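The number in the working numbering is simply the position in the sequence shown, starting from 1, with 493 added.
Since the hints were made in silico from the structure, they are not lab data. All values reported here derive from a predicted model rather than from experimental measurement. Ideal Cβ placement from N, Cα and C applies to all residues, glycine included. Hints should not be assumed to be uniformly reliable.
Simulated DEER-style distance windows between Cβ atoms [stated by the list, open to error]: (1) 573 x 632: 36 to 46 Å; (2) 497 x 683: 42 to 52 Å; (3) 574 x 647: 13 to 23 Å; (4) 615 x 519: 12 to 22 Å; (5) 651 x 519: 35 to 45 Å; (6) 629 x 498: 20 to 30 Å; (7) 679 x 630: 35 to 45 Å; (8) 664 x 573: 15 to 25 Å.
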Amino acid sequence: MVEGATAVLLALAGGYLLGSIPFGFVLTRLAGYGDIRSIGSGNIGATNVLRTGNKPLALTVVLLDSGKGAIAVLLAVQAGENAALAAGLGAVLGHLYPVWLGFKGGKGVATTFGTLLALAWPVGLIACAVWLIVAVIFRISSAAALTAIATTPLAALLISKAPALAIVALLFAVLVWVKHAANISRLLHGTEPRLSFGGSSK
Numbered sequence: 494m495v496e497g498a499t500a501v502l503l504a505l506a507g508g509y510l511l512g513s514i515p516f517g518f519v520l521t522r523l524a525g526y527g528d529i530r531s532i533g534s535g536n537i538g539a540t541n542v543l544r545t546g547n548k549p550l551a552l553t554v555v556l557l558d559s560g561k562g563a564i565a566v567l568l569a570v571q572a573g574e575n576a577a578l579a580a581g582l583g584a585v586l587g588h589l590y591p592v593w594l595g596f597k598g599g600k601g602v603a604t605t606f607g608t609l610l611a612l613a614w615p616v617g618l619i620a621c622a623v624w625l626i627v628a629v630i631f632r633i634s635s636a637a638a639l640t641a642i643a644t645t646p647l648a649a650l651l652i653s654k655a656p657a658l659a660i661v662a663l664l665f666a667v668l669v670w671v672k673h674a675a676n677i678s679r680l681l682h683g684t685e686p687r688l689s690f691g692g693s694s695k
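With the hints as extra help, turn the sequences into a complete structure.
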């Protein structure tokens, strides 16, 4: 029991450290764009990176941000399901609140998707599909993200039939929705920017 608890705590800490790597911040600096936090929304996520006009760079950030969540889970899964769930939660928390940037990070969408794909790929695919459908129909990135994330707890419960995964998915949803508070306010007031699949709301 002690070993199991230790493994979970180590997975949580390791996931947090991996998730807290601010790829958007680092890559935009390396690319010569300066501090991404002084651009657009000030967010370190891929959508704000897209505001530099560098689409390959934004895509790279998406892949790395989602990849760190998936890698955290895959590294921890050897220690068991609970450790994998803890690592995924740690990765999302790390992205949202990275110690390296004063605990002010991104909004967690890509990292959450990557984590879910590694924890239960059908659930992750549903989230990605919902994001795509809503984004194409309404052309609002934040609405797509919020809708997609909101579907994951139910999808996890129905598909995986694993209450623990559903609970973690619910935690992801709460965290991501809290981080999107400003976007939600703009959505309610009808002022949230629309996608042209060259820019976004985050």
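*Failing hints, ascending?*
4, 6, 7
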